[in-house]
Amino acid sequence: GAVVSQHPSWVICKSGTSVKIECRSLDFQATTMFWYRQFPKQSLMLMATSNEGSKATYEQGVEKDKFLINHASLTLSTLTVTSAHPEDSSFYICSARHRGRDTGELFFGEGSRLTVL
Amino acid sequence: AQSVTQLGSHVSVSEGALVLLRCNYSSSVPPYLFWYVQYPNQGLQLLLKYTTGATLVKGINGFEAEFKKSETSFHLTKPSAHMSDAAEYFCAVRTPGGYNKLIFGAGTRLAVHP
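Residue numbers (the working numbering), protein chains in the order written: chain A, 1 to 117; chain B, 1001 to 1114.
By construction, these hints were calculated from the structure, which means they are not laboratory data.
Owing to the predicted nature of the structure, the values given are computational and were not obtained by experimental measurement.
Fair warning: there could be bad hints in the mix.
Some chain A residues near chain B, calculated using beta-carbon distances under 8 angstroms [as the list claims (entries may be wrong)]: (1) Phe34; (2) Phe39; (3) Pro40; (4) Leu46; (5) Thr49; (6) Glu52; (7) His85; (8) Pro86; (9) Glu87; (10) Ser89; (11) Ile93; (12) Gly104; (13) Arg113; (14) Leu114; (15) Val116.
Think of the CB as a built atom: it goes at the ideal place given N, C-alpha and C, for glycine as much as any other residue.
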């Protein structure tokens, strides 16, 4: 149990376009989801925390108008990279907190690799 | 603020040798600590965690870690490395209260050679 799925796994887009990445908790409800960004051979950097039904909380230095996060239900959060540029190319990973199971751990999706041409 | 330091960005061991990946943390309150493993182009998989209770925790794939409060450490070990253990390993600490925000260390890439 506690499976998190991301879609798409890979996406290539042209500069200036917008890309949406979905994060779904398949077999549990997630009150909180987290979006991370990972550059090659580096650690995960937290971008934002999203709670179902409320606005996301962004980490310092993350542009909220560029990285739109929506958490419309207890099983789905989306990250939209607006007007993408090559420097936005990265590996984006979501994670979810299991509602009702406060063991501290987060459950991670498989990641989505974005390449902006 | 909490932070995690992983000593050694790259560790190389022979197959069958002991694996030791170091992690030190800073926290003003008792933390929850985690080790995750990441294979290329994949998400993170939990190896083990410490929340409360026994300080020596056992995880999957033969890994274990010991929480040492006096040393603020949570080093990951495995008695005998396998080729399949080659991956990136991340130590993480949970922030107190709030929404389970995890702070990650920089990661350690483990290479296992024959």
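Residue hint Leu114(A), partner chain B, criterion CB-CB below 8 angstroms: violated, 13 angstroms
message: Can you verify the interface hint for Ser89(A): is its Cβ closer than 8 angstroms to any Cβ in chain B?
response: violated, 14 angstroms
- prompt: Can we keep the Thr49(A) interface hint, with Cβ of chain B closer than 8 angstroms?
  reply: For Thr49(A), the interface hint holds, since the closest Cβ of chain B sits about 6 angstroms away, which is under 8 angstroms.
- prompt: Is the hint on Ile93(A) kept, meaning its closest Cβ partner in chain B is under 8 angstroms away?
  reply: holds, 6 angstroms
query: Per the CB criterion, is Pro86(A) less than 8 angstroms away from chain B?
result: Given a least distance of 19 angstroms, the restraint on Pro86(A) is violated.
query: Holds or violated: Phe39(A) as interface residue toward chain B, Cβ cutoff 8 angstroms?
result: violated, 11 angstroms
field: Cut-off 8 angstroms, beta-carbon criterion: hint that Pro40(A) touches chain B
entry: violated, 11 angstroms
- request: Closer than 8 angstroms between Cβ atoms is the bar; does Phe34(A) clear it against chain B? Give me holds or violated.
  value: Status holds, d = 7 angstroms.
message: Would the hint on Gly104(A) be counted as holding, given a Cβ-Cβ threshold of 8 angstroms to chain B?
response: holds, 4 angstroms
query: Should the interface hint for Leu46(A) be scored as holding, given a Cβ-Cβ cut-off of 8 angstroms against chain B?
result: Since the shortest Cβ distance to chain B is 7 angstroms, the answer is holds.
Restraint outcome when His85(A) is required to lie within 8 angstroms of chain B by C-beta distance: Check failed: Cβ of His85(A) comes no nearer than 22 angstroms to chain B, outside 8 angstroms.
message: Hint validation: Arg113(A) versus chain B, beta carbon distance must be below 8 angstroms. Holds or violated?
response: holds, 7 angstroms
When held up to the earlier numbered hints, the structure conflicts with 2, 3, 6, 7, 8, 9, 10, 14 and 15 and fits the remainder.
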